[in-house]
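Trainee: Guided by the hints, dock chains B and C onto chain A, whose structure is given.
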Amino acid sequence: MTRAALMITCLADMFYPEVGERIVRLLRRLGVDVTLPSGQTCCGLPLFNSGYHAEAAAVARRTVAIFRGADAVVVPSGSCAWMVKHEYPGLLRGSAEAADAEKLAERTYEFSQFLVRRLGQTSFETDVEGPLAYHDSCHLLRGLHEGETPRALLRGLTGTTVVPLPGSDECCGFGGSFSVRLPEVSTSILDRKLANLEASGARCLVACDAGCLMQIRGGLARRGSPLRALHLAEVLK
Amino acid sequence: MTEPILTTPLRERASQALGDRFLHEALDIATTKFITLRREAFDDFPDGERLRDRARAIKEATLQRLDTYLETLVDNIERLGGHVHFAATAEEAREIVLGIARRTGARMAVKSKSMATEEIHLNDALQAIGVTPVETDLGEYIIQLAHERPSHIIAPAIHKTKGQVAELFSRELRRPGLPADPEVLTKVAREELREKFLQADLGITGANFAVAETGTVVLVTNEGNGRMATSLPRVHVAVMGVEKVIPSMTDLAVFLSILAKSATGQKLSVYTTLVQGPRRPGELEGPDEFHLVLLDNGRIAQIAGTLREALYCLRCGACLNVCPVYRQIGGHAYGYTYPGPIGILLTAMLNGPASVGDLAHASSLCGACADACPVRIDIPRMLVELRREVNERRIAPWSERVVFKMLARVLGSSMLYRGAARIGRAAQRPFVRDGRIRALPLFFGQWTRTRDLPAVAARTFQERWREL
Amino acid sequence: MSSRGEFLGRIRTEMTKTRGLFAATPSERPAQPGQRLELLRRELSERWPQTLERFRAEFERVAGIFHRVPTAAAVPAELVRICSGLGARRIVAWPAEELGMAIAPELGAAGVTVESMPHDVPADDERRRVRALVATADLGVTGADLAVAETGTLVLVSAAGRPRSTSLLPPCHVAIFDRAALVESLEQVGVALEAWHEGTPPPERGAMINFITGPSRTADIELTLTRGVHGPKEIHAIFVDEALARRG
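Protein chains in written order, with numbering that gives the first Met the number 0: chain A, 0 to 236; chain B, 0 to 467; chain C, 0 to 247.
These aren't lab readings, by the way, just hints derived from the structure by calculation.
Treat the numbers as computed from the prediction; the structure is a model and nothing was measured.
Don't take each hint at face value.
[Claimed, not checked] Below, a list of computed lysine-lysine pairs in the DSS-like style, where the Cα atoms sit at most 30 Å apart: (1) B:Lys32 x C:Lys232; (2) C:Lys16 x B:Lys161; (3) B:Lys32 x B:Lys161; (4) B:Lys186 x C:Lys16; (5) A:Lys102 x B:Lys404.
Excised from the complex, chain A in its bound form:
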């Protein structure tokens, strides 16, 4: 039996708990024993990206300890998965947690990567009305070099159509604190993403990152758009 520890991420924990729920139910249905190590807060990416590296390292240390011993760790956000896999080893090099950080980095999967590459599952059904269009989050695509697993899952869906999103690899403008440091620029970038979404003919945008979803949903809602933006986990049945 596959065991997996869920790293819920601060944004999903606080704002999108339903995404977490769907992931847990889905994984259990696939025969995965899902655990939730307690005391989770955040991966530390917001601190890291704003240049507070000592503080980010402290959070990393904490996270590494919480997930010690996990066989596999599943993360619903590309950016958090990237932080753990790409930055934790460097942040904790030379410290007592160095070896554990390397292990954690190795065993961490972004959600779609876990389904496809670890479990070999690509066929799911969906209730979501299409057409669907996939938006590549920057950290998943360029950080973890993963553009295939979410697309494989969408292609494998019965019950809907998938259309390409023009500029799917273009940033949505979230960028963490960037979204509130330069809000006009962030919104301008978002406008471009929303225009592309509209041009695609899709009814629903799908993404694998809570930050992107917060930005894109926030923009769609403000415009009163009938279009939706969902996490991949909300699409898979």
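Mentor: Structure of chains B and C alone, referenced to chain A:
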């Protein structure tokens, strides 16, 4: 220190740029076109990835023996009858060029596009001693007439409409009624500048590369002004950052194979000009004097610094074209000589970290720049390092540091974290409608002015876990 | 200004503080570039028709106009055709020994004046006169040292009798070459560049090498492509099947 630190906040400059509808459209068209051309060029070039890796390795290898390669370069240029000068600062570089201009009695200098000469603000200095600098690259010529700075590393006048150029030429060149036709306007520029090329005493250029092994300075251009400036006037001065030296002609072939493709999608630019000192005794044409000014201006300090990798830069502009921020605000909003992602790093290099207090955050860290860079410079990594430096040197405002330190404490304790969720839930109550928040006071309004915000969930995922 | 010693000293100081970012080496250079180039030429001579075809395709792709004639003697007639197409009446050209054929008589007979560039460097006032001639000529005729198939590029090494402005100032440039100039790739150009700089250069060699890929162009005004900015607006290449008798 090259440029005075700007006092208008970046946010204001950016907002101004966002309000310029023509700029917006021009940027969209230009950047999209460059992106497409670059992609097509590399799709058609199976050896591209290997050559990019090679180019990156050559740059790193060169830095590891920079002193030796520079010595070889200098010796070879002197052997060919040229002169090499060493400028630690922008001011020294200006003085060197002014000195040459004075000594040779120059009254007019034709300039082929050079970001290095922009960086040291050479034109104003020349003008001040009575030497008229004439920019000859069409885009640079346009902005010189308009008294503006370039807005893109390789397409400096991208922010101007053809109508604006027609009006500018009609007025400044006293040729009333010129049509907004690029063909006609280009012909006018050709005529005006041809006279200048033939009369100029001094040709001033930059250099894309300098080959140590053969003392060769290389210019990559499309218009022919690089060839004119290095063959017609009696004195040629090239200003070049020290990091542009490369070991051999074999290395040059590697860079030539990827530079133009990255910049404009061309296989090669129209002219690649290899300058090997002043004209030889048996040569009909060419300058009597050749000078290379090697420029430090903050580069040398980065050999062992956080921005070392930025020294690989070929100045192709590919990172500008893909940057979501640059694509929205254009080059002028950055406020310094070099715009775009690499521009932020170069600004820090030339002017110190205090100059990028806000610029270091002019990025969503999306990584498109690193992807597009022909020599794979990890720009996002260095932007984060700059942010760190800005914090550590207390350049970031005190209020911001307090917020982040508080955040760090909350994230360091599950008790504080849970408490924060409870406080959030309580504080948001007056603002929540249908699970969404449309307006928030104070700092949070930065988000809600243009976007809805989700409400903090009635129960967080960790609070619900037991029931799942 | 800083002295060489100070400047390089500072570089050395900084270099000692770091081992660099990763292990890296510059390009491997041919040990005997002259020999390597010779070998390359021999290999290429066996497949020159394919190389020529590729050159032609790439040259035309960058708006070059390609011509092919069987012999050196056929070149002047081709030039007459080009000149008449452009209404060119006065042209400048590298001297016959640099082109590999005499062109003045036949062009003269067709009403086109040919000013041949001097081989030896004249006095300053003569140099000025020649400069003015080139600047007002309708067309410039040169040879080419390399024709690069990968990119449609012509490489011209300046030398005595092979001045720079002939291919730059007139609004039309015509380059004449034979199969000996053909190379396939930029990598091979790198070999040639290494070979040309092995040992002492010949006394007639100039101080400039120009790579020319199509006519002068810009897209600086609203990204609209226009040709003939400062350099020539039109570029022609005349390939001669027979080997040309010109200094190598």
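Trainee: Each hint needs a verdict: does it hold in this structure or not?
Mentor: Tested hints:
no., hint, in the structure
1, B:Lys32 x C:Lys232, "holds (24 Å)"
2, C:Lys16 x B:Lys161, "violated (51 Å)"
3, B:Lys32 x B:Lys161, "holds (18 Å)"
4, B:Lys186 x C:Lys16, "violated (53 Å)"
5, A:Lys102 x B:Lys404, "holds (28 Å)"
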